[in-house]
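All chains should be built: construct the whole structure from the sequences, respecting the hints.
Sequence order for the protein chains is R and Z. Here the first sequence stands for residues 1 to 333, where the numbers follow full-length UniProt numbering. Here the second sequence stands for residues 1 to 683, where the numbers follow full-length UniProt numbering.
Since the hints were derived computationally from the structure, they do not count as laboratory data. These numbers come from a predicted model, not from an experiment. By construction, the Cβ of each residue, glycine as well, lies at the ideal position given by its N, Cα and C atoms. One or more of the hints may lead you astray.
Here are the simulated distance ranges between beta carbons [to be verified]: (1) R:L107 to Z:P80: 23 to 33 Å; (2) Z:S83 to R:S85: 18 to 28 Å; (3) R:G227 to Z:Q60: 33 to 43 Å; (4) R:N80 to Z:E346: 33 to 43 Å; (5) Z:T46 to R:K123: 37 to 47 Å; (6) R:E263 to Z:V508: 53 to 63 Å; (7) Z:T46 to R:S85: 32 to 42 Å; (8) R:N253 to Z:L469: 54 to 64 Å.
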Amino acid sequence: MDGEELTEQETALYDRQIRVWGADAQRRLSKSHILVYGMKGAVAEFCKNIVLAGVGSLTLVDDRLVTEEAFSANFLIPPNENVYSGKTIAEVCCNSLKEFNPMVRVLVEKGDLSSFGGEFYDKFDVVVVSCCSVAKKNLINEKCRKLSKRVAFYTVDCRDSCGEIFVDLQNHKYSKQKLEETVECQLQYPSFEEAISVPWKVLPRKTSKLYFAMRVIEQFEEAEGRGVGEISVPDLPGVLKLKKEICEANSLNASRIPDTLLERLIMGAREFPPVCAIIGGILGQEVIKALSGKGDPLKNFFFFDVMDGKGIVEDISNTETGRVAVSRGLTLE
Amino acid sequence: MASEGHLSAIKGAKVLMVGAGGIGCELLKTLALSGFQDIHIIDMDTIEVSNLNRQFLFRQSHVGQSKAKVARDAVLNFRPGMSITPHHANVKDPEFNVEFFKQFNVVLNGLDNLDARRHVNRLCLAADVPLVESGTTGFLGQVIKMIFSLWQQSISLKGQVTVHIKGKTECYECQPKPAPKTYPVCTITSTPSKFVHCIVWAKDLLFAKLFGDKNQENDLNVRSSDATNSSEQAKDVFERRKDEDFGQYGRRIYDHVFGYNIELALSNEETWNKRKRPRPIYSKDFLSEELNHQNGNVDNSCLTDAFSSVSAMASLGLKNPQDKWSLLESTRVFLEALKQFFLKREKEIGNLSFDKDDQLAVEFVTAAANIRAASFGIPLHSLFEAKGIAGNIVHAVATTNAIIAGLIVIEAIKVLQKDTDNYRCGSIPFYLFRMTYCLEHVSRKMLLMPVEPYEPNKACYVCSETPLLLEINTYRSKLRDFVEKIVKAKLGMNFPLIMHGSNLLYEVGDDLDDDMVANYAANLEKVLSELPSPVNSGTMLTVEDLQQELVCSINIKHRMLLNFHSFQGWENVHSLTNLDEFDEEKEPDGMVLTGWTQAPAVVGNGGSTSNARQAEAEKDTEVDEISEPSGKKRKLSEVDIPNAADGTGNHKEVKELDDDDDDDDLVMLDDLDSVTNKKKRLQ
Ligand SMILES: [Zn+2]
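What follows is the structure, given as structure tokens:
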């Protein structure tokens, strides 16, 4: 046990979760600072989860003004013009989140994340981005990686009834319980750019088709200069054409990415709230694991699809950056 | 997914949510966002501070208010057009009858107790309404120590969502469910060996004796008041004498239960032949000068905030609930808590029952359990841990509830689309910490795993008509024992009616005339073989619950009670049953009910595990107390899935999906596209 004790008030409020992850992890949570960008449904769910968990602070960045589309899957925005008119999405969400837990500081930052420098990112332990182009994901991921301190980087996207989470914890050390022993582990993560440049042909045959489909859509939007999600049914022929090209270039059988799946991803412009809840829950869990240094974190992609009901973890990285068990720790008690 | 078809199914649906707690808050939010328009919520609870870390619809200012009502108002803030009807009531109340349930298209459970779940299951079966059942399984009291600082004990958090549709899938009670552990009386009164035994003693015997209903049967002094003691005297020990101040009274109680009673127990040499002898503890061992010193401090306890109300810890300056108290500290908390009950809460004395949210009660029980533990050489525990054990607290976090709620809504939408023939994702247990076993199971890739639902169990006494068998001593057991321990406790009936042929032996109701009430009251006190219509070996009884519309038949078989004290060393239950006698240690009620499946002694709700991996995982972490032989987990591979109706051969590959062999993932994934095609009508 290090650091100061939890207050009586914290112990009472966090009673049930301290029983899950321990007082030590709770203290670490309360000293951590989170940055999120892009307040869509899954991110709103994530924010709720970690504000309830009792992180130190949460900073929101989303300068868009509130529209009807914004509150479709986001319960942080009351559909009342008097409340949201003239405010940015981040400002409205901030007000709602503050109420969930008075012990967490919730803040708004304005501006374009891509233009912020190292001294800005240095304030955070975790950065979560949503609705970002490939280029923006890469850029922010690299900014985090250049810092002297380790910042956990996540991307999260929900399209139709599918969701994707990407995780970069760089070099992550953690402990976990294996029977009666505490085992110290270490994981080496690739950046987003490194991960998506792993040639498809070296990936295992059973790699989730959602991984490939999401990359096709991403590349289509990038090539056409579209914003994230600015895609619809008339784009289908173009998307299918691109899929064929990418599969040929990667020597991947085109049937590994079903056309019906791509069609679904294009059609579902609005997020599906139950998927947001699931993706936001898994992401919250992962961030808590990363911050507390307890338990096996995801490496490095997670996919959920309502159609088959599966939540699948994929490790998309070069083979040499695998899991390394460093040493066996002390046995507890 | 967001097609017109599913939107209209959602908009036209009338949904009943039972429970507005951890899962309930998340569920109501996700239902509202998904477009549901007409929702009823039943929850009898009011909001507490320890709810606020996950029940995000509630604020500090709502503490004490109805969960159902506050949840409604909170959701109307972001979905003003919805119709949400809150019921601040117990789902077991008679107003929620079969007619009430029939108005809904689907029922969604977010409950935290077995009893209410069984009740809702029966009403859904009777009303023929689909039920989506859910639960997060935290760990249980008895293993709290293991996970206390170890979140990554993967099994510590898991959840499950299952769809129950009458005649199509298994009902909630088709498979054994975990039931609260009960302990043999003598383990609690005389020979505790675990901390939980000390907690049960402190809570159910000592606390109940001092502050609860004086007329309740209480075994606290059973073993100590032998024939040489005047029974009058033994009763008076716990009464405060007129001239006695609270300090003297507390010390007298202390010395009696931790000193005198232990001495008395020690005098029975036989008991301690193979056991470690306990140590009697007297207050004078610690408190020669303490007492006066304490009196001055009492007033400090008035300086309390919302988090601690009346507290002995606060007035003694003990702050951290995670500290283990010394024996001296436990002694001081014991005496101080006892005194504060009399000084500040005297009106409640005689009516109190233990409540995990009653700070003073938790302090008293923690102190008493620790003193007893010290006496018996059992490791001491902190208030935080003791509270978890005493209150059967299930660990809970927002993220798990959010995920479960998302899965429930997905299943509910499928149910509403009448997609019942294609329940491929009918049951989705998931493993948030799946990779905890990573060194052995690196290849496992699934955090959320869909599992094929099961067919109804043809021998289920709830959804089929299979009779039960009860082995009972018909010359010794009273009708009251049968009603309380079997009909209510095991069969979960609230308003039972018991018939032998056409003769009514017992019933409950408002419309009974006085003669009948007197008659039934008299029957309760009779042993089975002496009832007006005698119940003997071979008798078949019919038991019915009018509210649940559940009827079951019970065949009676007479059996003797074994005197377990002479067989203490015996461990093999089977050799005992061969003697046609009961082993009190294994069957504390002296009755054996078969057909009703006894579950493993796990508090919580993870019992319906229907796959090999989960069962295997649980094996690793189950503690020695979980050993009921009939509570064996089903392995999926052992279960025949006879649902050949859809003829797709779909089942086989799903079945393999559960197996540990990683190669099966290949089989399954190769078929994903065809599965997706089959599922297309969902869109
Ligand atoms: Zn059944």
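Checklist entry - In ascending order, which of the hints set out earlier in this document are inconsistent with the structure? => result 4
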